[in-house]
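With chain D's structure known, arrange chain X on it following the hints.
There are 2 protein chains.
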Amino acid sequence: MEISHLGEFGLIDRLTKDLPIVNASTVKGVGDDCAVLRNKESDILVTTDLLLEGVHFDLTYVPLKHLGYKSAVVNFSDVYAMNGTPRQITVSLGISSRFTVEHIEELYSGIRLACEIYGVDLVGGDTTSSRQGLVISITCIGEAQADKVVLRSGARDTDLICVSGDLGAAYMGLQLLEREKAASAGQKDFEPQFQGKEYLVERQLKPEARRDVIEALEKEAILPTAMMDISDGLSSELLHICKAGNVGCRIYEDRIPIDYQTAIMAEELGMNLVTAALNGGEDYELLFTVPLHCHEQIQKVAGVKVIGHITKPELGCAMITRDGSELALRAQGWNPLAAHSDSD
Amino acid sequence: MEISHLGEFGLIDRLTKDLPIVNASTVKGVGDDCAVLRNKESDILVTTDLLLEGVHFDLTYVPLKHLGYKSAVVNFSDVYAMNGTPRQITVSLGISSRFTVEHIEELYSGIRLACEIYGVDLVGGDTTSSRQGLVISITCIGEAQADKVVLRSGARDTDLICVSGDLGAAYMGLQLLEREKAASAGQKDFEPQFQGKEYLVERQLKPEARRDVIEALEKEAILPTAMMDISDGLSSELLHICKAGNVGCRIYEDRIPIDYQTAIMAEELGMNLVTAALNGGEDYELLFTVPLHCHEQIQKVAGVKVIGHITKPELGCAMITRDGSELALRAQGWNPLAAHSDSD
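In order, the protein sequences belong to chains D and X. Taking the working numbering, the leading residue of the first sequence gets 5, the next gets one more, and so forth. Taking the working numbering, the leading residue of the second sequence gets 5, the next gets one more, and so forth.
Okay, chain D solo, but in the shape it has when bound (with noise of 0.2 Å):
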């Protein structure tokens, strides 16, 4: 159906019929000038992402209802890595004229199993056509305990640098991704190869938040002393956690969590498989740091693996590698502005 035979309203009031209310802080939600919302025991956090065709989404090979399920989690991850809960979201969309309304329903599927999942409320948005592909700004809010709140500058000396789950998977899923669109050129009926790699492919075409770490720690009664979501690469995060904390670090090459459909892609692929797992980016996992006498009970936390300690300023951010040797960390993640040229 062309979207225009539904004009916005129509599109907007098919969308969101029928749209559940879970969080008791979710006054008002889709239908006003604005959503209403009342938390009256805790901060209130807000994040947001912009995402656009061609840029963070290559549809040849992302099914929509991933994509609206992705969008949606890597806002929840946000919440999670500052200890916080996702209660509600906004959805703004442009759609371009080669969507119809059968898409977009697909996509918004995605962005409705993922709020289920994580027990969020779609509260508004706004929708318009777009000249150029398809454009999701997702904002999410949500909300923790004021003296819950880990931000990112908190890291101290000797502190331990935590990480969950493994690194790397989700660059390693895409390059296999582009990989099979470039073999699938000019083809018909192309079957791609994703036989043992489906880990891959899934890390990248749906993430999970880590809400699990965020509930372990809490009944472990560990409170992280800086904590961000690994978005852009370990070592960009780690980075940043030194320089807001105005620390330094060590992480021990040895230690960095790498699953074995990664390192065989990275051999099938002759990549570095740590210059992966250190710069791939988007592997939403969480990298934080807790307090030396946390040693024991951070053992406890499934998933979760102590990858090195935090330094004085002066020693710098470094990598010990397998055969002993010091690594100055370096930013080498995926540069959102690297240039593209207008299409127009």
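Derived by calculation from the structure, the hints in this document are not laboratory data. There's no promise every hint is true.
Note: identical chains are not told apart, hence a pair may lie in one copy or across any two.
Claimed, not checked - Computed list of lysine-lysine pairs in DSBU-like fashion (alpha-carbon distance at most 30 Å, straight line):
id : residue 1 : residue 2
1  : 152       : 316
2  : 21        : 247
3  : 316       : 32
4  : 304       : 316
5  : 223       : 32
6  : 152       : 44
7  : 316       : 21
8  : 21        : 152
Everything numeric in this text was worked out from a predicted model, so none of it was measured.
What follows is chain X alone, placed relative to chain D:
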């Protein structure tokens, strides 16, 4: 300066340097995964707008500073339309390679000026490259006393329908700017002709949100029963209010406030003046209803005019023309989902 020279974080640092914080509810602004807000006394309002180059603005005649100002103000307008006060905004930008650092600073200077004038803190955002011109997504967070939030659904039979300011001028300003753009095509040293029409140009390029009206209503202790801001045209918004409240309405053609510059321009262009005032859009005036007993009080509010009244739903929504006939109101406002072809 090329933006790639600074990179994402360099650009953000430069744009957000010395950002003032004026609201007690802003605990932590730019520089972490989320902004942190604290707001124990009031309800929280959230609104968002997505503006795309080529759809919502034409940089041929829109100065970047004005564009920044307007992008912020249209969000503030949504918060005032709930009877709230805007407190924080997040600003996400998609920037293509033809923009320099100076361009983006110019845009930001307009956003910062709007924030300064309206007392709003800029607390976060996202900055990325774009393949397709400039993308601006702004989310505004406001606050309102829980028992004073005005939804669009509260209008009741016999309520008076009020509008602030005058209507149709922003639309006429757009027509004028488009006319001068067409006239300038291919000409060097073209001087656009705006004499005697400065008000129209200003209404299009630099609208203001009606904080003054909200303050005046508060002073007169008038709490509207329903309220919206007029962004898509009076007809369209009034139909929203009637649908949301399950009521009808009668407005009077001869009461619709129109500036004389708007009237002169409509005549010059051979356009129907009332159609422009009803459907023009981008007025950012307030449309609201008050109980009949407020009739005398509302006269004291400067710049507000009673244009009609709410009826029972079975009477429908109509305008009484100057010759006394009834004309059914229809939403013919600007359609943001009008088909735009992909340019890529």
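Now for the hints, and whether the structure bears them out:
Proximity of residue 152 to residue 316 under the C-alpha cut-off of 30 Å is restricted to the intra-copy arrangement: shortest distance 25 Å within a copy versus 52 Å between copies. Taking the shortest alpha-carbon separations for residue 21 and residue 247, only the inter-copy value of 16 Å comes in at or below 30 Å, while the best intra-copy value is 46 Å. In this homomeric assembly, residue 316 and residue 32 come within 30 Å of each other (Cα to Cα) only across copies, at 25 Å, whereas the closest approach inside a single copy is 48 Å. In this assembly of identical chains, the alpha carbons of residue 304 and residue 316 lie at most 30 Å apart only when taken from the same copy (27 Å versus 65 Å across copies).
Taking the shortest Cα distances, residue 223 and residue 32 sit within 30 Å of each other only across copies (26 Å), while inside one copy they are farther apart (32 Å). Taking CA atoms no more than 30 Å apart as the test, residue 152 paired with residue 44 passes in both settings, with 16 Å inside one copy and 17 Å between copies. Taking the shortest alpha-carbon separations for residue 316 and residue 21, only the inter-copy value of 26 Å comes in at or below 30 Å, while the best intra-copy value is 55 Å. Taking the shortest Cα distances, residue 21 and residue 152 sit within 30 Å of each other only across copies (27 Å), while inside one copy they are farther apart (36 Å).
Every hint from the earlier list agrees with this structure, and none is contradicted.
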